[in-house]
Amino acid sequence: MMGALRNGSPVAPPVRRAVDRALAAGGEALTAMIGRPVSMTAPLVELVPLGAVPGLAGSPDRPLVAIYLGISGDFSGHLVFLLSEASAVNLMAALLAERAAAALTMTALQRSALAEVGNVSGSAFLNALADAAQMRIVPAAPLIVCDMAGAILDGMLADIGRTTDRALVIHTRFNAAGADAIAGYFLLLPDADGLARVCRALEAESG
Amino acid sequence: MRSRIIPVGLGELKVSRARDDVLTCYGLGSCVGLALYDPVAKIGAMAHILLPDSALKRESAPPAKFADTAVPYAVAQLERLGASRLRLQVKMAGGAQMLALGQGEARLDIGARNVEATRAALAALRLAVTAAEVHGNFGRTMQLFISDGRVVISTIGRGEKTI
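Those sequence lines, one after another, are chains A and B.
Heads up: the first sequence begins at 827 in the working numbering, then just goes up one per residue.
Heads up: the second sequence begins at 6 in the working numbering, then just goes up one per residue.
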């Protein structure tokens, strides 16, 4: 694992099951996109205080690659997939047969390919989660940012920090045949009580 | 001399008069790092400002989280340790816009608003900005050396600068 549990608390079992199903849906969408089996699994799903989010993957000045999707619908906010540089390079190699020397020197084409991976998996993930919670969640076009972890995230934390205090953090592994280790984090950062509403809805749906 | 790195987390303020301390804001994006330093008393403070305005505050939020409250709070803490407001060197960094978003999501340009609010709060206390490395679309790490008041700004792929 890249990061340790930092004051995080595990989610309730129904939320965990919904996240697992949503990740499975993301994996299926990726499999359809690239024509080879890919799956995503979550060793850990937790609710993390916003102040601890920049340090999730190590020091907040650590270079990371982020695939960002703005969210609107029944709540607004942010979905971010965060990867180490090594994982980003491995992901591109495994899924796209693209060999980037380093994540920070990606070509425009490689960036857009990576954005598409995030778009396909992130949208499928959100759709599955929205269905389970019976809510409307609409992702915007994906953006790629490569910079320090803290810098990538602090604007989003400022945006939602006025109305909320925790983020849903999904420690995620990509599994693809022959791929080197690919691990990262899906962060779901809804504003207001979006996260609580999603969690409540998922718990209610499971009966 | 061995330096001792003191991280200044989101919404925190750290004050020091230990010569080997280096107050550090890691990975500033839209946040503003504010460094105040009295070169005679050799006392410094650093705030890691997240938002422009404490009117947006929920109960029990720390004062350094907001530009308008961080500035007077930092000055008061420095003066309590014997610094003089009249001698303060004022340096700021950050306030970037990391995500190039289309219309309708302009609220994410919180960086520019943080810079503006920090400048306004400084002006209200008649403090002039000595040096600033702000705006742009990239992250910065900011370090204040208590030994001599220099501030080093480092980036990924855009070099390092001492202000």
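FYI, nobody ran anything at the bench for these hints, they're computed from the structure.
Glycine is no exception: its CB is placed at the ideal position from the N, C-alpha and C atoms.
Treat the hints with caution; some may be incorrect.
Said to hold, decoys possible - Computed from the model, here is a short list of chain B residues facing chain A with C-beta under 10 Å:
| no. | residue |
| --- | --- |
| 1 | 8 |
| 2 | 11 |
| 3 | 21 |
| 4 | 27 |
| 5 | 30 |
| 6 | 68 |
| 7 | 70 |
| 8 | 73 |
| 9 | 74 |
| 10 | 78 |
| 11 | 99 |
| 12 | 102 |
| 13 | 116 |
| 14 | 125 |
| 15 | 129 |
| 16 | 145 |
Each hint tested on the structure:
1. 8: Residue 8(B) check fails; min Cβ-Cβ to chain A is 16 Å, beyond 10 Å.
2. 11: violated (14 Å)
3. 21: Not OK, violated: residue 21(B) not within 10 Å of chain A, min 20 Å.
4. 27: violated (13 Å)
5. 30: With a closest approach of 8 Å, the residue 30(B) hint holds.
6. 68: violated (15 Å)
7. 70: holds (8 Å)
8. 73: violated (14 Å)
9. 74: Where the cut-off is 10 Å and the nearest Cβ of chain A is about 15 Å from residue 74(B), the hint is violated.
10. 78: violated (18 Å)
11. 99: It holds, given that the least Cβ distance between residue 99(B) and chain A is near 8 Å, below 10 Å.
12. 102: This hint holds: residue 102(B) lies near chain A, its Cβ roughly 7 Å from the closest one there, short of 10 Å.
13. 116: Holds - the Cβ of residue 116(B) comes within 10 Å of chain A, reaching about 7 Å at its closest.
14. 125: violated (17 Å)
15. 129: violated (22 Å)
16. 145: Interface hint status for residue 145(B): holds (7 Å vs cutoff 10 Å).
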